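Q: With the hints as constraints, model all of the structure from the sequences given.
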Amino acid sequence: MKARVHVMLKEGVLDPQGEAVRHALGALGFDGVGGVRQGKVIELDLPEGTTEETVTQMCEQLLANTVIEKYEIELV
Amino acid sequence: MRAAVITFPGSNCDRDLAVAFESAGADVVRVWHKDAELPANVDVIGIPGGFSFGDYLRCGAIAANSPICRAVVDHANRGGYVLGICNGFQVLTETRLVPGALIRNTNLKFVCKPVGLKVENAETDFTRGYAAGAEITIPVAHHDGNYRADDELLARLQGEGQVAFTYTDNPNGAAGDIAGVFSENRRVLGMMPHPERAIEPLQGSADGQALFRTLIEGFVTA
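Going down the list, the protein sequences come from chains A and B. For the record, in the first sequence the residue sitting at position 29 is 29 according to my numbering, with numbers rising by one throughout. For the record, in the second sequence the residue sitting at position 101 is 101 according to my numbering, with numbers rising by one throughout.
You can trust all of the hints, since none of them are fake.
Residues on chain A that point at chain B, a partial pick, calculated with CB under 8 angstroms:
# : residue
1 : Val13
2 : Leu14
3 : Gln17
4 : Val67
5 : Ile68
Keep in mind the hints are simulated off the structure, nothing from the lab. All of these numbers come straight from a predicted model, not from anything done at the bench. Beta carbons are placed, not taken as given, at the ideal position from N, Cα and C, and that holds for glycine.
A: Listed below in structure tokens is the structure:
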């Protein structure tokens, strides 16, 4: 089985890289992009039967820094 | 007085940090990240700058979960002293030994230059060698030194004297101009500027020397 973890900066945490991407889109002529937030997607190959709880522990301990980031787990 | 300097794969300021501790009179032991225990009788742990584990995932995140870091956390929880500089500061935020987090500089540039710092709290074992409010010059060299704390945490850090140093001219967008923070018990200090690169006039500034000297002299007189 696989799990896909989406990690994003929490609301209100400054995202300098997303802001640079927004500027670059404007420079390409894509007007009106109000905001860009950049995160990461982490795909995990896991033994069958791994619980969401285990993946949550992975997120809490390593995959996300919950001081500034939030995460969502998708079991696939 | 014994200082342990930790080396991770990708650390590059470990030797400079060892020299800074030695020149201040400490007996220095070098420790590899895979060691699960610290050598006996270590008083201070230094976590150096660099790019541990290639800054993969998040700066400092993988180092913070290495075997030696469990021993570092235990040492801090026993009231031991820890100094984390640059990548070492990032490691300390990842272990939660100091509050807040560090992200990419607001202007997205790697900044490498001497910066002015104001000593915000000169009543700790790290900063007693400076006058309160003193302005000193120490170099920074980082891409991810933008300190983040929400308004509540920021107010608490400022109110409780947990801010060690602020930038006089903020180079990275850090909240509250924060360059360095203490743990609640003031025995863990994380800072982005490199005091170990300012310990003798040949380096352009010797303003970092007082930090090491004061910390180590504290043990001699204690």
